[in-house]
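Peer 1: One line per chain: the protein sequences are L and U, in this order.
First residue of the first sequence? That's 1 in the working numbering, and the numbers climb one at a time after it.
First residue of the second sequence? That's 299 in the working numbering, and the numbers climb one at a time after it.
These are calculated hints, taken from the structure and not from any lab test.
All values reported here derive from a predicted model rather than from experimental measurement.
Cβ atoms here follow ideal geometry from the backbone N, Cα and C, with glycine treated the same way.
Do not take every clue at face value.
Computed from the model, here is a short list of chain L residues facing chain U with C-beta under 8 Å [said to hold, decoys possible]:
| id | residue |
| --- | --- |
| 1 | Ala7 |
| 2 | Thr22 |
| 3 | Pro93 |
| 4 | Arg110 |
| 5 | Tyr114 |
| 6 | Ala130 |
| 7 | Thr135 |
| 8 | Val147 |
| 9 | Ser184 |
| 10 | Ala298 |
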Amino acid sequence: MIHLRHAAAAINEGLCTTVLITHGESGRSWIGSKAMGNNPASLAGQFEIPFGCLGPPTMFTIPVLRYMKERGLTHEQLANVAVVQREWAAMNPRASQRDPITVQDVLESRMIAYPFHVLECCLVTDGGGALILTTAERAKDFPTKPVYILGTGESVETPMISQMADFTSSRAFRVSGAKAFQESGISHGDVDHLMIYDAFAHLPIYGLEDLGFVKPGEAGQFIWERNTAPGGALPMNTNGGGLSYMHSGMYGMYALQESVRQMRGIAPAQVDGAKISVCHGVGGMFGASGTVVMTNEA
Amino acid sequence: MKPRSIAIVGAAETTEMGKIPDTSQIQLHADAALNAMAECGLGPKDIDGIACAAEWPTDLAHYLGITPTWVDGTMVG
Numbered sequence: 001m002i003h004l005r006h007a008a009a010a011i012n013e014g015l016c017t018t019v020l021i022t023h024g025e026s027g028r029s030w031i032g033s034k035a036m037g038n039n040p041a042s043l044a045g046q047f048e049i050p051f052g053c054l055g056p057p058t059m060f061t062i063p064v065l066r067y068m069k070e071r072g073l074t075h076e077q078l079a080n081v082a083v084v085q086r087e088w089a090a091m092n093p094r095a096s097q098r099d100p101i102t103v104q105d106v107l108e109s110r111m112i113a114y115p116f117h118v119l120e121c122c123l124v125t126d127g128g129g130a131l132i133l134t135t136a137e138r139a140k141d142f143p144t145k146p147v148y149i150l151g152t153g154e155s156v157e158t159p160m161i162s163q164m165a166d167f168t169s170s171r172a173f174r175v176s177g178a179k180a181f182q183e184s185g186i187s188h189g190d191v192d193h194l195m196i197y198d199a200f201a202h203l204p205i206y207g208l209e210d211l212g213f214v215k216p217g218e219a220g221q222f223i224w225e226r227n228t229a230p231g232g233a234l235p236m237n238t239n240g241g242g243l244s245y246m247h248s249g250m251y252g253m254y255a256l257q258e259s260v261r262q263m264r265g266i267a268p269a270q271v272d273g274a275k276i277s278v279c280h281g282v283g284g285m286f287g288a289s290g291t292v293v294m295t296n297e298a
Numbered sequence: 299m300k301p302r303s304i305a306i307v308g309a310a311e312t313t314e315m316g317k318i319p320d321t322s323q324i325q326l327h328a329d330a331a332l333n334a335m336a337e338c339g340l341g342p343k344d345i346d347g348i349a350c351a352a353e354w355p356t357d358l359a360h361y362l363g364i365t366p367t368w369v370d371g372t373m374v375g
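For reference, chain L alone in the conformation it holds in the complex:
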C-alpha cells in the first residue's frame, strides 16, 4: 500500500514513468529468506522483548484484550471473523483453506495465545505478487483493463505495542484511512468492496471502526450480522484473507491483488458491478498503515 502511494507520487512528479512493485516471501518453506533478527538495542529489544512480549500472536493479545473488555466484543464475535472469511475462501480455488468452519470449530481449535485460537491466526505460506503502475493517460494503450488510483494514505505509530496511545483503536489506521478518503473525495457509502489486512481476527474489526465504516464498538456485531459476508452490503476480504487465502509474512500485496481483480471484474468471488475498492493494510503490530482507494471508472 505504501509503495503504491510513493510510486504514484514519483510518477506524477516525473521521477519515472513505469513502476514495478514486487513482494514475495518463502514464509513456509523458508528458502532464501532473510532472517529478521531482534536487535537488543532496538526499542522493543530493550523494553518489551526482555519481558516476553515477542512475535505477532503475543503482541496482538494486548490491544485485543483491552478492546474486548472496553467494547464488549465476545469470543464468538471474534471467532466469527474467521468463519465469514472462510466462506469467501470456499469460492476461491487458489485459497489455502477452503473447508467451511463454524464459530464452535474456531473456539475449539488449538489455543495459541489467549484469546487467539489457531483459526484466528494467519496462515504461513509461500508466494508473491507484483504490480505495474503508469500514468492514466498511458494506461489506455495497454491490453489490460486499467485500475485507477483515487487516493492513498500512510502513517506510522510506534514499534512497541505497549506504547499505543489507545489499545482500542490504531492511530496509524485512522490517519492513513482519513488521508485516503480525503484524497479520493469519496464517502463510505460509495465503497463497493473492501480489503482489510487480517493477520489476526481482530484486525478487520479495528479497520472497520478506524476507517469510519462503523462506530467504535460496532464492528464485531456488524460482521456477525453478515454485512461483510457473501451477499452482504459491504463485501470484505473476498479472497478469504490472510486467515484463509494466504499469508506469507507480509500480506499487503495479496490484498491489493484482490482489489485489482475485483476492479477488473475477474475475481473468483466477484462483487457484481463493483466500481470502488478500498484496500487497507497494517504494518507490524499496529506500527504502520497504508490505504489505497481504487476505481475502474476513468
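Please arrange chain U on chain L, whose structure you already have, making use of the hints.
Peer 2: Coordinates of chain U only, in the frame set by chain L:
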C-alpha cells in the same frame, strides 16, 4: 495526489501459491514480476521505477536487468 492520474496496468501473483519448496524468495519476486510484465506486454527494459518489500530493490533490479531512476525499499507489510 490527483485522483485518477495513475493507473495499475499490471497485476499478478506467483504462478504457484501455498507450499513452494523449490523456489527461493527472490525467485518468488521475479516470478510475480515476470507474470505482471507479461500480462501488460512489458519487459524489464520498460521499467524505470522499482519498489520491493522482503527483498532489496537493488537485488531485484540486478536480477531482472532493470535500470531504475526511482527506487523504494520501504519495508512495511
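Peer 1: Among the hints numbered above, which are violated by the structure, and what are their numbers in rising order?
Peer 2: 3, 4 and 5
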